[in-house]
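> Letter by letter, the chains look like this.
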Amino acid sequence: NAGVTQTPKFQVLKTGQSMTLQCAQDMNHNSMYWYRQDPGMGLRLIYYSASEGTTDKGEVPNGYNVSRLNKREFSLRLESAAPSQTSVYFCASFRSRGRGAEQFFGPGTRLTVL
Amino acid sequence: AQSVTQLDSHVSVSEGTPVLLRCNYSSSYSPSLFWYVQHPNKGLQLLLKYTSAATLVKGINGFEAEFKKSETSFHLTKPSAHMSDAAEYFCVVSGQGGSEKLVFGKGTKLTVNP
Chain R
1 NAGVTQTPKF QVLKTGQSMT LQCAQDMNHN SMYWYRQDPG MGLRLIYYSA SEGTTDKGEV
61 PNGYNVSRLN KREFSLRLES AAPSQTSVYF CASFRSRGRG AEQFFGPGTR LTVL
Chain X
1 AQSVTQLDSH VSVSEGTPVL LRCNYSSSYS PSLFWYVQHP NKGLQLLLKY TSAATLVKGI
61 NGFEAEFKKS ETSFHLTKPS AHMSDAAEYF CVVSGQGGSE KLVFGKGTKL TVNP
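Chains R and X supply the protein sequences, listed in that same order.
Residue 1 is where the first sequence starts when you use the working numbering, and the numbers rise one by one after that.
Residue 1 is where the second sequence starts when you use the working numbering, and the numbers rise one by one after that.
Hints listed in this document are in silico derivations from the structure and should not be mistaken for laboratory results.
Misleading hints may appear alongside valid ones.
[To be verified] Pairs of lysine to aspartate or glutamate, EDC-like flavour, derived with a Cα cap of 16 angstroms:
| # | chain 1 | residue 1 | chain 2 | residue 2 |
| --- | --- | --- | --- | --- |
| 1 | R | Lys71 | R | Glu52 |
| 2 | X | Lys106 | R | Glu52 |
| 3 | X | Lys101 | R | Glu79 |
| 4 | X | Lys109 | R | Asp38 |
Kindly generate the complete structure, drawing on both the sequences and the hints.
As C-alpha cells, then:
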C-alpha cells in the first residue's frame, strides 16, 4: 500500500516549457486534489476532482489544467510554465468514511521555472 | 466560507518546555479541524483532528488540541518539546460534514532549542 505517489520529485523548466505532474493513489479514494505550497502562504488548492470524470477549480487555477484519468490517477499540466509557478506541488486524496474524514498527501514535487 | 488564522508565524521554545501553537478559525458550519505537521523537505502528516466528538483531541507524538467554540479556537499544545518536534505546523479547517475542501492556515514554524 504505497498511499499517494507523485512523479517527478524535482523538475527544472525554462519559461514557456510544458510539463505534466503525475499523481496516483492506491486507497480507492474518490476525491483527489492538487495544491501548491509557497513560503508563508500555506497550501492553496489549485484543482480538485470529486470523482472520476469530474474536475473543479480551486483557489489558484490559472495557468494549470488537470486530468482525472481514472480513479487512481490525477495529473496536473502546466502548458506554458512561468517563473510564478515555481513552487512545491502536493497531490492528495480524501478518505470520507471508515476512521473519519482525512486527506492523505503525497511527498511533493519541487518545481523551479527559470 | 471557512478561514483559518495562525496567530504566530514563528515559535521558538527550549527542549523540555511546553509548546503552544495558536489557531483561530471562522466557519459558517460546524467545522472539522485538523493539525498537520511538515518536517523539512517532507510531505504533510496528520497530527490530530476534531470532528465534533470530544473537544479535547489527542494526537500523535504527545500533541493535543482543544476545540473551543466560544473562542473559535483550536490551539495545539504539547507539555514538553523534543528536538524532533522542530517543523512547520498547519491548522486546517473543512466545511460542513467534513466537507472535502480544506482551507489551510499559513503555518507556524516551530524551532526547538537545545
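> Which numbered hints turn out to be false for this structure?
Numbers 2, 3, in rising order.
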